[in-house]
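Spelled out from the first residue to the last, the chains are:
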Amino acid sequence: MNAVAEKYAHWDVGALFIYTNEAHPGENFPHLTSMEEKFDHARKLRDRLGVTRRILVDSLDGKCHRAFGSMPNMTWILTNSGMPIYKADWTDYVSVENALDYFLNMQERRRSGQRLVPFSVKRLDYRESDREAFYRRLAENGERAVQEFKEAFG
Amino acid sequence: MPDKELIEAYNYDSFVPEKYERWLNFESSLPLGKIITDFSLWDLNKEQTTLVTEVNQHPLTFIEFGSFT
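If you read the protein sequences in the order shown, they are chains A and L. Its first residue numbered 58, the first sequence is counted upward by one per residue in my numbering. Its first residue numbered 317, the second sequence is counted upward by one per residue in my numbering.
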């Protein structure tokens, strides 16, 4: 997603990462009990996982995250007035790029004089699922995180 | 739910269905097309900001939610 941010910065698209609760706590990265821990984990997200986008930390009770549905790794697109225009319950760069291309084109159509009004659409997007890579990342959290995920999903 | 109880439940200590499933509420999340209420957020220097302040910087902003784990 860093690459998406860099690609679309040219069109003045902003990119944020909001730090939430720990989805798969383990021995190495336990659940959060304080804002100090949350800031520490967020810095490790930047330093170890290389997130280059602006990282913002939510409150410890996840007020923002919960309002947006509390999914562990979702992506939304908002306008500058604070209006959501895209929401996905998972993060996939192809889906996000597809949506950004659409909205940038929409802005261009408006600039060219078309009168556009919004409507809703629902569709299923498809993401690549690399289970081996996922388990490698999960193992960094601790063996307990791996075992709990296997017990939940096999 | 008292704040302490909410904080402990939201920051569940193990990934077991009885602890995480209650938080997966995407279907009842904020609607598209309506201006959101604002939320306080903090940058990594602990400086407070708000979500609307942040998205106000660009015509469009994409926001990924997540954690280290």
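Don't read these hints as lab results, they were simulated from the structure. Errors might be hidden in some of the hints.
What the hints assert, rightly or not - Lysine-lysine pairs mimicking DSSO-like chemistry, simulated, CA-CA at most 30 Å apart:
(1) 335/L x 144/A
(2) 350/L x 179/A
(3) 101/A x 350/L
(4) 101/A x 362/L
(5) 144/A x 179/A
(6) 144/A x 362/L
(7) 350/L x 207/A
(8) 101/A x 144/A
(9) 320/L x 64/A
(10) 207/A x 335/L
To be verified - Taking beta-carbon pairs under 7 Å as the criterion, some of the chain L residues facing chain A (in silico):
(11) 325
(12) 327
(13) 339
(14) 342
(15) 346
(16) 352
(17) 361
(18) 364
(19) 366
(20) 368
(21) 370
(22) 374
(23) 375
(24) 376
(25) 382
(26) 384
By construction, the Cβ of each residue, glycine as well, lies at the ideal position given by its N, Cα and C atoms.
Evaluated hints:
1. 335/L x 144/A: holds, 24 Å
2. 350/L x 179/A: holds, 17 Å
3. 101/A x 350/L: Roughly 34 Å between the alpha carbons, so the hint for residue 101/A and residue 350/L is violated.
4. 101/A x 362/L: holds, 15 Å
5. 144/A x 179/A: holds, 10 Å
6. 144/A x 362/L: Roughly 27 Å between the alpha carbons, so the hint for residue 144/A and residue 362/L holds.
7. 350/L x 207/A: Between residue 350/L and residue 207/A the Cα gap is close to 39 Å, so the pair fails against 30 Å, i.e. violated.
8. 101/A x 144/A: Answer holds: residue 101/A to residue 144/A is near 26 Å, not above 30 Å.
9. 320/L x 64/A: Given pair residue 320/L, residue 64/A is violated - Cα atoms ~42 Å apart, limit 30 Å.
10. 207/A x 335/L: holds, 16 Å
11. 325: violated, 9 Å
12. 327: holds, 4 Å
13. 339: Constraint on residue 339/L satisfied, holds at 4 Å.
14. 342: Since chain A brings a Cβ to about 4 Å from residue 342/L, closer than 7 Å, the hint holds.
15. 346: Where the cut-off is 7 Å and the nearest Cβ of chain A is about 6 Å from residue 346/L, the hint holds.
16. 352: holds, 5 Å
17. 361: violated, 9 Å
18. 364: violated, 10 Å
19. 366: Violated: closest Cβ of chain A sits about 9 Å from residue 366/L, beyond 7 Å.
20. 368: holds, 4 Å
21. 370: Interface hint status for residue 370/L: holds (6 Å vs cutoff 7 Å).
22. 374: Interface hint status for residue 374/L: holds (3 Å vs cutoff 7 Å).
23. 375: For residue 375/L, the interface hint holds, since the closest Cβ of chain A sits about 5 Å away, which is under 7 Å.
24. 376: With Cβ-Cβ at 5 Å, under 7 Å, it holds.
25. 382: holds, 4 Å
26. 384: Check passed: Cβ of residue 384/L comes within 5 Å of chain A, closer than 7 Å.
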